[in-house]
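**Student:** Each chain, written out:
Number of protein chains: 2
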Amino acid sequence: MSTTKSLPLLEPETAEAATPCCPPLTERTFTAEEAERTAKMFKALGDPVRLRLFSAVASHPGGEACVCDISDVGVSQPTVSHHLKKLKEAGLLSSERRGTWVYYRVEPSVVTAMGNLLAPAGN
Amino acid sequence: MSTTKSLPLLEPETAEAATPCCPPLTERTFTAEEAERTAKMFKALGDPVRLRLFSAVASHPGGEACVCDISDVGVSQPTVSHHLKKLKEAGLLSSERRGTWVYYRVEPSVVTAMGNLLAPAGN
Numbered sequence: 001m002s003t004t005k006s007l008p009l010l011e012p013e014t015a016e017a018a019t020p021c022c023p024p025l026t027e028r029t030f031t032a033e034e035a036e037r038t039a040k041m042f043k044a045l046g047d048p049v050r051l052r053l054f055s056a057v058a059s060h061p062g063g064e065a066c067v068c069d070i071s072d073v074g075v076s077q078p079t080v081s082h083h084l085k086k087l088k089e090a091g092l093l094s095s096e097r098r099g100t101w102v103y104y105r106v107e108p109s110v111v112t113a114m115g116n117l118l119a120p121a122g123n
Numbered sequence: 001m002s003t004t005k006s007l008p009l010l011e012p013e014t015a016e017a018a019t020p021c022c023p024p025l026t027e028r029t030f031t032a033e034e035a036e037r038t039a040k041m042f043k044a045l046g047d048p049v050r051l052r053l054f055s056a057v058a059s060h061p062g063g064e065a066c067v068c069d070i071s072d073v074g075v076s077q078p079t080v081s082h083h084l085k086k087l088k089e090a091g092l093l094s095s096e097r098r099g100t101w102v103y104y105r106v107e108p109s110v111v112t113a114m115g116n117l118l119a120p121a122g123n
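Protein sequences, first through last, are from chains B and U. Going by the UniProt record's numbering, 51 is the number at position 51 of the first sequence; the sequence numbering is gapless. Going by the UniProt record's numbering, 1 is the number at position 1 of the second sequence; the sequence numbering is gapless.
Everything hinted at is true.
For chains that are exact copies, the list does not tell them apart, and a pair is met inside one copy or across any two.
Taking lysine-lysine pairs in the BS3-like style, the calculated list, with each CA pair at most 30 Å apart, reads:
| # | residue 1 | residue 2 |
| --- | --- | --- |
| 1 | K43 | K86 |
| 2 | K40 | K86 |
| 3 | K88 | K40 |
| 4 | K85 | K43 |
Keep in mind the hints are simulated off the structure, nothing from the lab.
Given only the sequences and the hints, what does the whole structure look like? Please build it.
**Tutor:** Written out as structure tokens, the structure is:
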């Protein structure tokens with residue numbers, strides 16, 4: 001019984017829209033549609049503040065954090081919220097409201113898929 | 001003797017500036033300086049045209065390509081050259097002029113390091 005795990009409660013449309021589609025970048029030239037989908041995820045991490053916030057959430061004990069936990073990246077709380085929303089829109093974070101706060105959690109499948117895009121050429 | 005390998009001939013300042021510095025994003029909150037360096041690489045792949053060009057170079061036979069090899073991504077040759085330069089500035093590609101053409105090649109160490117940033121939490 002102790003092995004039971006709860007499934008993440010996500011808005012399906014957000015999760016599906018962000019599901020990476022594509023083979024490693026070394027395999028073949030991406031189609032325009034594949035590139036559109038994949039570039040969104042890289043772009044989300046292409047901003048220093050978002051990258052710090054993402055690392056703050058990803059490394060937080062328990063694997064999740066709320067805005068209230070993240071106050072040391074040198075930007076205001078509304079700015080933190082704005083960037084967390086962008087990361088969520090890109091599919092890299094999911095969120096869940098509990099009482100006053102929204103908690104953010106890294107989407108491991110999306111991050112793993114991004115890592116796979118950067119895998120070395122098959123050998 | 002057949003095991004001898006030639007070292008890549010790179011402009012050192014380009015290669016050093018782009019060398020990724022940082023632990024996996026799940027390990028701890030990045031410093032501002034780490035985030036600045038790393039975000040540049042993600043941003044370079046955060047554009048659909050650049051991502052297609054990167055996949056075209058990365059998947060080209062021999063692991064390198066010149067602008068003359070890449071003509072099917074739907075943008076003009078000057079635009080291709082512009083984006084390849086951006087990828088080079090981010091450290092993801094190196095280049096070498098041979099006669100008329102500049103040849104671009106993926107920097108495997110930089111791409112591998114980007115993949116490591118996205119590695120799952122240590123387990």
